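Residue numbers (the numbering used here), protein chains in the order written: chain A, 1 to 725; chain B, 1001 to 1166.
Source of the hints: derived by calculation from the structure; they are not laboratory data.
Values in this document were obtained by computation on a predicted structure and should not be read as measured data.
Please note that the accuracy of each hint is not assured.
Examples of chain B residues toward chain A, derived with CB under 10 Å [claimed, not checked]: (1) Asn-1021; (2) Thr-1025; (3) Glu-1043; (4) Gln-1112; (5) Gly-1114; (6) Ile-1131; (7) Pro-1132; (8) Glu-1133; (9) Thr-1135; (10) Ile-1139; (11) Met-1143.
The beta carbon of each residue, even a glycine, is placed where N, CA and C say it ideally should be.
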Amino acid sequence: MTEQFNLSRRGFIASVAASTGGLALGFPLGATAQQLAELAEPEINAWVVVQPDNTVVVRVAKIEMGQGTLTGLAQLVAEELDADWENVTWSYPTPGENVARERVWGSFGTFGSQGIRASQELVRQGGAAARAMLLQAAANRWGVGVDEVTVERGVISGPGGQTLTYGDVAEDAAALDVPENVPVKDPSTWTIAGQSLLRLDTADKTDGSRVYSIDYTMDGMVNAAIRQCPVQGGTVASFDASTAETMPGVMRVLQVDDSTVAVVADTWWRAKTALDAVEIEWDIPEENAGFNTAQFEEMMREGLDAEDAFVGNQAGDVAGALDGAAQVVEATYAFPWQHHVTMEPMNATALVTDDSCTVWTSTQNAESDLAAASQASGLEIAQCDVHRMNLGGGFGRRGASSTDYTTHAVKIAMAMKGTPVKVIWSREEDMLHGTYHPSTMARFRGALDEEGNLTGMHMRISGQSIFAGLMPFALQDGMDPLVFQGLQAESTEGEFGYTVPNLLIDHAMRNPPLRPGFWRGVNNNQNSFYLESFMDELADAAGRDPLEFRRSLMQNHPKHLAVLDTVAEAIGWDAGAPEGRAYGLCQHMGYGSYVAAAAEVSVDGDTVKIHRIVAATDPGHVVNPQQVEAQIEGSFAMGLSAAMVSEITMENGQVQEENFDTYPIMTMWEMPEVESHIVPSGDFWGGVGEPTIFVAAPAVLNAVARLTGQRVRELPLYKSGLRLG
Amino acid sequence: MEEARRITPPLDRERDMPILNVNGTSHDVVAEPETPLLWVLREQIGLTGTKYGCGIAACGACTVHIGGIPTRSCQVQLQDIAEGEEIVTIEGLSPDRSHPVQQAWVELDVPQCGYCQSGQIMAAVALLRDIPEPTDEDIRAAMSNLCRCGTYNRIRDGIKRAAELS
């Protein structure tokens, strides 16, 4: 869907109808048959469009950013529809359409590993309703009962052997009332969903034809490069554009907002080159000007002992258990800031006129960008829209409350009304203005009795809150409940997997002047690293096997235990590692799924080699096993990057890492063999895009400790004198 | 690990209006001689399959072939390119996605977001030209392009599958 900026909304809908040449079916949320009939064309609140040539277009509300959700959702719809998978394709509605239709498609937000699990019910019902209508239309055509017709791969058969395709009856079907409460299939009968089908969106990634947001062009488009104050809270004091303005291709040098200067030129390279020639003086708030990593570590260490803390999980009497312990085990861990480094840097294109604002961008939450476009342009929501472009990675950076690049594009485009403006952040700009994975520390005190049983544990988290820094309205009486991901009692999202009679998990919030954000896995990453490392330390202190020690605490958490047992068996835990190598394992629950990992490592001098890593995941249901495997593999690459090689630091209030030379990520050289065990237990729907990421680090580091006796408590690896090879 | 290779011998600095041979087609290019080939391809010629990822030859998303050599085009200036030197981008690999590497990539669903894959594929094609049947170690040593989605193992498998298809 492109180039609709000059059309009215109604015109836009009509243009879509004209381009698809078909009819939409679906189920109405809030719309009556009468209202639907009044529409200028039969495009209705729809998940399914069937074109005359039998092409089935599945409307996808969530965004595809590599995680495979697009294909999975299409599989679910096609399954209920009994469509021919060969004929299935997709389209993205816009957030403007969603608003205009009272959010018929629900939330566009694609984060929290919710792509499938949060919309499976809606899309399956949509497919099932469409199927019922198509069959009814065929039955009507033949004058037979609907119970006398059957369908296979989009071909409907009647009692006399007659056949009609979905395309043949689509128009008739669209005129029927949409049935309510059509039952969906039992997953055990699936033939399209549940299968390792190839993705729908691979081919154009192999020949350069796929258009990402950064590739989007329009007639008359100009390009902008921006520079924002590298210190949080800083503003533009003055800037000298006299040189830049004389450089080739430069059209405008302007201040975009309090902290941003832009150069607009015919090409982006010229804009960026000229931007380098703009002298900018910044006003930097004194309290942030000298801030550095060491200072934040001091703040967090103070928090480890602070009186006041928010309580996330509590049982029994921890102080009493520690007082009465035969042995108290203590350890402190730290997790550094991380950057998303999506391979496609932040960018957006905007066109503003007196009465419209249109944005083309890669976003995980187009409704946020729609709101940002309205706010920045001063136009009504109904006058704005956002066209969702392909993402070169998301990982949370392009999600909630991350609309800064869209706002830039709109503000610059407002200064150049009628001219489309594409803003691209350089990699350096991108790295200096991220929404960083929060940094925290954790101190544990564990009480062991004479027999080496864990009788009590205090886990004090100290450090940064995402909610406080990014969306303070989400705090609950000052507390950030998200800090306790995977550590909460009785949670369907991320339940603490051990039964400890006396337990206290609390958080002393300490926030630095560095904007935090949601980074794939979010707070599960450090929480799992802390807890699962400490579980091994407790087992060591108790003189017990780490698997047996965990199992003794997990009898009330059978699903946590099942995935742990799966990886233990798969890696050959009981038989032990080959000479010169060691195994490590861990488990955690997050985003509604149970995950575990076991790693096999060797250490040669200072070099850690990960030979293989075995994963088990129970996401309840699996829509496409080979894509779940892809998410597991990718999660290890990203999780191990954070644990082993990547780190963001601050000096003088400014992030020090500006590109991949100083913020390395894992390469193929370091990537281990990955073995995936997908073990859905079938009675819930969990996510798969994130969960495995948080079991990457502890599995490897527990193996390193078992092999060398060296416990890595601060990440990344170099802080322990080790490196990944 | 293979580093990005620069073109040698370079340049005829006297030229002010170079004619680039890209995917077998000649292009008159109007740009400052210091302009990186990456941005000439993307903004002047309109071939956006070659991606900007870092601008410092660290990520490999901008890999193209110059005279058959895989090269990170963000670090090649327009003035560094010899007259008539053959530049091949992802768009020039085949007219119909029929190159064995492209076929293997589709067959194994290698890409996730796909943004780095143009560069990965161009690096893989060059590797297979040098070593038609690479071992895992050959692949790990040669493929230094970054992938944030973490498709490395499928890239490796894709290269081995492409070797079978070649």
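Structure-based check of all given hints:
1. Interface restraint check: Asn-1021/B against chain A, minimum CB-CB distance 18 Å, threshold 10 Å, status violated.
2. Given the 10 Å rule on beta carbons, the hint for Thr-1025/B is violated: about 15 Å separates it from the nearest Cβ of chain A.
3. Annotation: Glu-1043/B was flagged as interfacial toward chain A, and the flag holds, the nearest CB pair being 4 Å apart, inside 10 Å.
4. For Gln-1112/B, the shortest C-beta to C-beta distance to chain A is roughly 3 Å, which falls under 10 Å, so the interface hint holds.
5. A distance limit of 10 Å between C-beta atoms decides the matter here; for Gly-1114/B the minimum to chain A is near 3 Å, and the interface restraint holds.
6. With a least beta-carbon distance of about 15 Å to chain A, the hint placing Ile-1131/B at the interface is violated under the 10 Å criterion.
7. The restraint placing Pro-1132/B at the interface with chain A is violated, with a minimum CB-CB distance near 19 Å, outside the 10 Å limit.
8. The beta carbon of Glu-1133/B comes no nearer than 18 Å to any beta carbon in chain A, farther than 10 Å, and the hint placing it at the interface is violated.
9. This hint is violated: Thr-1135/B has a C-beta 13 Å from the nearest C-beta of chain A, more than the 10 Å allowed.
10. Checking Ile-1139/B against chain A: minimum C-beta separation of about 7 Å stays under 10 Å; hint holds.
11. Annotation: Met-1143/B was flagged as interfacial toward chain A, and the flag holds, the nearest CB pair being 5 Å apart, inside 10 Å.
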